[in-house]
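Protein chains in written order, with the working numbering: chain R, 87 to 445; chain D, 87 to 445; chain G, -4 to 339; chain X, -4 to 339.
Hints in this document: simulated from the structure, not taken from any laboratory.
C-beta: ideal position from N, C-alpha, C; glycine also.
There may be inaccurate statements among the hints.
[Said to hold, decoys possible] List of simulated lysine-lysine pairs, DSS-like, C-alpha gap at most 30 angstroms:
{"hint": "1", "chain 1": "X", "residue 1": "Lys105", "chain 2": "D", "residue 2": "Lys138"}
{"hint": "2", "chain 1": "D", "residue 1": "Lys162", "chain 2": "D", "residue 2": "Lys138"}
{"hint": "3", "chain 1": "D", "residue 1": "Lys274", "chain 2": "X", "residue 2": "Lys134"}
{"hint": "4", "chain 1": "R", "residue 1": "Lys138", "chain 2": "R", "residue 2": "Lys162"}
{"hint": "5", "chain 1": "D", "residue 1": "Lys314", "chain 2": "D", "residue 2": "Lys295"}
{"hint": "6", "chain 1": "D", "residue 1": "Lys370", "chain 2": "R", "residue 2": "Lys443"}
{"hint": "7", "chain 1": "R", "residue 1": "Lys138", "chain 2": "R", "residue 2": "Lys274"}
{"hint": "8", "chain 1": "X", "residue 1": "Lys292", "chain 2": "D", "residue 2": "Lys138"}
{"hint": "9", "chain 1": "R", "residue 1": "Lys138", "chain 2": "G", "residue 2": "Lys292"}
{"hint": "10", "chain 1": "R", "residue 1": "Lys162", "chain 2": "G", "residue 2": "Lys105"}
{"hint": "11", "chain 1": "R", "residue 1": "Lys138", "chain 2": "G", "residue 2": "Lys163"}
[Unchecked claim] Computed list of chain D residues with no C-beta within reach of chain X, every gap over 10 angstroms:
{"hint": "12", "residue": "Asp157"}
{"hint": "13", "residue": "Gln212"}
{"hint": "14", "residue": "Arg221"}
{"hint": "15", "residue": "Arg239"}
{"hint": "16", "residue": "His244"}
{"hint": "17", "residue": "Gln336"}
{"hint": "18", "residue": "Arg369"}
{"hint": "19", "residue": "Lys370"}
{"hint": "20", "residue": "Ile429"}
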Amino acid sequence: MSNSILESVDAAGDSTPGRTGTSAGTPASTIVMSMQQALNRALDEVLAENPKAVIFGEDCGQLGGVFRITDGLQAKHGAQRVFDTPLAESGILGMSVGLAMAGFHPIPEVQFDGFAYPAINQIVCQIARMNYRSRGTLPMPITLRVPSFGGIRAPEHHGESLEALFAHVPGLKVVSPSNPHEAYHLLKYAATRPDPVIFMEPKSRYWQKGEVNLAHGEAGAGSPTGAKVMREGRHLTLVAWGAMVARCLQVAELAAEDGIDIEVLDLRWLKPIDAEALAASVRKTRRAVVVHEAPLTSGLGAEVAQLITQSCFDTLRAPVERVTGFDVPYPSGDLEDEYIPNIDRILFGIQRVLEYKRG
Amino acid sequence: MSNSILESVDAAGDSTPGRTGTSAGTPASTIVMSMQQALNRALDEVLAENPKAVIFGEDCGQLGGVFRITDGLQAKHGAQRVFDTPLAESGILGMSVGLAMAGFHPIPEVQFDGFAYPAINQIVCQIARMNYRSRGTLPMPITLRVPSFGGIRAPEHHGESLEALFAHVPGLKVVSPSNPHEAYHLLKYAATRPDPVIFMEPKSRYWQKGEVNLAHGEAGAGSPTGAKVMREGRHLTLVAWGAMVARCLQVAELAAEDGIDIEVLDLRWLKPIDAEALAASVRKTRRAVVVHEAPLTSGLGAEVAQLITQSCFDTLRAPVERVTGFDVPYPSGDLEDEYIPNIDRILFGIQRVLEYKRG
Amino acid sequence: MDTLPVASGGAADPLTPAQLRELYSLMVAVRHLDRSAIAWQRQGIIPGYAPELGQEAAQVGSGYAVDTTRDFVFPTYREMGVARTMGVDMVAYMSTHKATWHGGLYDPLKSRLAPIQAVVAGSVLHAVGWAHGQTLDQKDGVAMTYFGDGASSQGDVHEALNFAAVMKAPVVFFVQNNGWAISVPTERQVAGGSVAARAAGYGMPALQIDGDDVVAVLGATRRAFAHARAGNGPVLIEAMTYRRGPHSTSDDPGRYRTLDEERDGAGADPLERFRQRLLADGIADEAFFAEALAAAKAEEEQIRTGIQALASRPGTEMFDLVFQETTPALQAQAANWREESEHV
Amino acid sequence: MDTLPVASGGAADPLTPAQLRELYSLMVAVRHLDRSAIAWQRQGIIPGYAPELGQEAAQVGSGYAVDTTRDFVFPTYREMGVARTMGVDMVAYMSTHKATWHGGLYDPLKSRLAPIQAVVAGSVLHAVGWAHGQTLDQKDGVAMTYFGDGASSQGDVHEALNFAAVMKAPVVFFVQNNGWAISVPTERQVAGGSVAARAAGYGMPALQIDGDDVVAVLGATRRAFAHARAGNGPVLIEAMTYRRGPHSTSDDPGRYRTLDEERDGAGADPLERFRQRLLADGIADEAFFAEALAAAKAEEEQIRTGIQALASRPGTEMFDLVFQETTPALQAQAANWREESEHV
Ligand SMILES: Cc1ncc(C[n+]2csc(CCOP(=O)(O)OP(=O)(O)O)c2C)c(N)n1
Ligand SMILES: Cc1ncc(C[n+]2csc(CCOP(=O)(O)OP(=O)(O)O)c2C)c(N)n1
Ligand SMILES: [Mg+2]
Ligand SMILES: [Mg+2]
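Please put together the full structure from these sequences, using the hints given.
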């Protein structure tokens, strides 16, 4: 990336340094673990705390799920609480509705993102509407875990990003964690809500380790519902979720070498979106790029961009850029690095915004 | 709406009068018919012209469909060409894939928008991807007709707007006609394409009559693929599709009484979107409001707004407004007029844009 | 067809004369309300309705078997007769046809009747989930789910049958095979000709019964409930009946069946059949029938008055009933809606 | 179980010694390639693979019945043996496991094998549509669709069975019941225990066969093809076999079954069984077996070389193969991609 970018950056009002300090001594309740471990621990605690919580899906029981997120839970909590179903996603989600009506808190798993499609009818027409249809008498406290997004060279339909679909459905809430700490807290939060939450797990991050501060509400846990500034910066806001947050943080480090100070906002909740956090960040930085893996057209990036434009129209120095997957089916492993926004493409997006000149 | 709106309108460069002239004598090939008749006629011609075209779905045969769009076609073309299937949408769409692989041009019907959900797996994972997966050897010339949108006081799931979902799916094209003329030409065009097209019919407009110029390519037929200016104007662009186009034209007439000259753009193709037409219109009017029935969040309005913002950032005098359905399940008949953007809400949206002042 | 092991306990006990008369009264009430609802639609009182004419025996007989202290029922859009039999508030029930609220205004939890379901086969899986909940809770409630011959083609029905059988869930799958799915007759819908015949493939007992004989329907349903309640797993009942009316008030059956075909297909009227039987068995007389009809008429009048008096729900409910925990975005939309719709 | 009417014509003719030897050679080739593919994965030549170890008889026997001049086959992700038997270019086939292209690089139209399908039960309905196309075109091709015991739980399978039976479509539903869907055994998957038992509910003939006996599989498949080709409608075959290996190269069967269970469940090795039979019947000798193995090894080497030489597909194909008629928006994205990825 050429240095010319910097030249077009006009100094932002805020003088906060580019990075948040996390180097201070970690609290006692902080443990280093992978996202897989964090999710597993959250589920274990949810089962222990709520006798009505039940986990089920394909291979969730003895196998512990193909990603081992439910590893050991059947052995510990019993085959009544954690069980395998036949191989039918509509069945799994439809059954969740009935269990919820009977007072349970179902935590079903769809084995991979692409296999949520056979269940969309039950998700959209039943789970998302039963509370409404029944005028609040039949709440749907269902936490649907969906291993999501790409990046692991998997077979077809194993690398999909369905957040735009889910976020458009009235009656659903949607969240995606970006690291083990977020994963632990967001899953515990989601799985104790009285409304349906689609929990999109970035499968390419399952095995990355990170610090988890287990204490709820302690510094670092942050708000369970809003977006979160993962890195402060003055020149431009990168908005991302799931696996793209880590990539954006990398990009920010690289850009910093060129003197460009980037703020990275982890959106976390994809529905409802924390519009205030978007506004607050971009009012400061005056420029934004939104990054996601899903195809461009009608992706959630459009919503994020429009929310920013609505709230920051006067402040924005350039139209919000979107760096996303293309309008093509998610490709095979050989081409997935071409498809998923990579560091270069994000840097190009940043460059376009920084170099934008009013015509 | 107060007159104060006008005060904030700064004269646009273009001096074209507010309305397109359509009062000139109608050509010989012009017939007045309802959209139902126009669609029926288009299908009749498609069946006559392409021996591989087949129509099927629930109640499409002898009954002629619950909206009579396929009325008389089985009697005329035979029960091999136009037939009823068992009541299973995934079956209908999955079968379409196989027929397309065997060289047919399936024109399936899903009886109502909300019943496309049980078929989403086949639509997204199969129809939209088979050409790609097979590297172009197995094209999917499937024209899926979906009676869509609300406004007819129908039961639950009979008034849904799925365009944002469809438009997000790589491999699909999506179109919606706004009047009988559009319906006739767009359906004939769609049903002769080698790629899958989702054809969203605004069911509340089925029985409205209008002039149809049957001659293809004659004045009035316009481009089969782009967006279309339905009314020229200087002060603001209203972007809409389906049933909302007629409503926006009404709004434009009302606004004209206050001296506000509104351009109405019928988007027609919801994927791919005619970004050039959006840019051309808003570069002229410098203001835009997009209107749709679907819920706001992650709706297609976000994409349209973002496309406009990207191409017209310097020209725009206010952020693009969205006047849409709310983030609630489509309500029962008694409340649908509160849900669907009505004239007042669209006028308020226009007012917000016209009165916008940079802070 | 009957592959259900012979019932133990009281499931097959004969009905008392009082019960038989009650069944008749229910059937007359349902018949009269159903016919009236069509008239309401013609008069503009309600925008649409899906009549159950001819299915009174199937609906009253099965609904009568439900124990509303512990069972739960999952209807489609055509089970008015079941709702009435279960004692649901009928103004609240009929409100769905007035387009007041999808699903109806009755309380599903209290009435033990899930909201009205417009997705064909949409709630069949819900019954399985609810029933499995009974197993997990070690309770003895049974879920009964209704669906039609047309619905039987949906993938969800297969998934539900398989899940229920694998999990031995206490579910009664009650199919009303009324010969039609809108314009499509059963022979072009149900390969093999019988939904009940499918049960064997899941190792599930099934009964194919005369759905126009209310006593037979009640007996079969009681047996099925007893079987499921005893922990023996699900049962499928296919009640053979006939949709004598149009699919809905917007349908025109003349386009796909002749009046002759209709008469032949429908057979004897289930209500008239039952009347003759009660007469023949000396269980009821003309005075009783007249009384039952009068009661039905009075009831209909009351329900009609209630429906006519029913106000639209306030628009705020659109927003307030989406979630248990609302969101700032939704509240902002509600505020905006209030401003724009109330202060114009 | 066998509810298929006795075949007329040559469908049940005995196999010639040459055919029997060919079947054996195919099974050895498939076995060797399958085992090698696992090794390739361990060596990093391919990122993943779904072995069909133990299913050679089911796959070779059924694939051998296909007439590639007129029939069409719809595989899942595990039918390598079918592909090989049908004569598909195996480098092009295996390319999907190298993550070169979802669906594989072979030409489905020429090879009469639909693209590899990763959605469980995803293509079962396609077979029905393709087969109905034969009826509409008055052609005599038959569609064969493969699916597993796990897939049988999907709603699409039910819809496909019902559609095919209602339309009398020439489809052979070939179920490989290999005892497992990843970690879930058939008894917790298939209520009633048999997929073939489901067919009766659709009025469809079915065969449950020993899927480890290649001759039995071929005979049954031929009979089914003859039945469907003659216009008698669909047939379901359930070939009982055993998934001897892991579900895929990322699976760890030790978590859900013991080696003892594996040995007991698997029974005799289908390849060894067939070898013994050929020996006993005097149809082949050790020299032939050695030759067949040598040929299999040579073949595997060639395929491996091809796979190793296989370059990634150019990124432009991502854009160019979405539609038959591309769109300006997509071309703009392609141009943008080219600029950003090639000129950095
Ligand atoms: C999933 C779905 N597809 C289509 C429809 C439209 N529809 C409503 S009722 C009906 C026919 C249902 O027939 P059947 O199941 O036999 O029930 P019946 O109407 O005879 O009571 C159809 C096609 C729907 N409501 N849901
Ligand atoms: C719709 C869908 N759901 C889940 C999966 C994940 N998955 C892949 S294979 C498999 C098990 C399939 O079992 P079976 O049908 O018996 O076939 P087998 O693997 O034994 O050949 C599962 C759950 C999938 N591919 N598709
Ligand atoms: Mg019916
Ligand atoms: Mg299997």
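Are the Cα positions of R:Lys138 and G:Lys163 separated by 30 angstroms at most? 20 angstroms, holds
Do the alpha carbons of R:Lys138 and G:Lys292 lie within 30 angstroms of each other, as the hint requires? 46 angstroms, violated
Just checking, D:Lys370 versus chain X, shortest CB gap more than 10 angstroms? 21 angstroms, holds
Taken at face value, is the distance from the CA of D:Lys138 to the CA of X:Lys292 at most 30 angstroms? 46 angstroms, violated
Assertion that D:His244 lies farther than 10 angstroms from chain X (Cβ): 22 angstroms, holds
Any Cβ of chain X at or closer than 10 angstroms to D:Ile429, or is the non-interface label fine? 32 angstroms, holds
Agreement of X:Lys105 and D:Lys138 with the hint, judged by alpha carbon distance not exceeding 30 angstroms: Holds: X:Lys105 and D:Lys138 sit about 21 angstroms apart, inside 30 angstroms.
Assertion that D:Arg239 lies farther than 10 angstroms from chain X (Cβ): 31 angstroms, holds
Please confirm whether D:Arg221 is truly not at the interface, meaning its C-beta sits more than 10 angstroms away from all C-beta atoms of chain X. 6 angstroms, violated
Taking the minimum C-beta separation from D:Gln212 to chain X, is that value above 10 angstroms? Violated, since 6 angstroms does not exceed 10 angstroms.
Does the alpha-carbon distance linking R:Lys162 and G:Lys105 stay inside the 30 angstroms limit? 36 angstroms, violated
Beyond 10 angstroms on every Cβ pair: is that true for D:Arg369 relative to chain X? Its Cβ never comes within 10 angstroms of chain X, the nearest being 18 angstroms, so this holds.
When each numbered hint is compared with the structure, violations occur for hints 8, 9, 10, 13 and 14.
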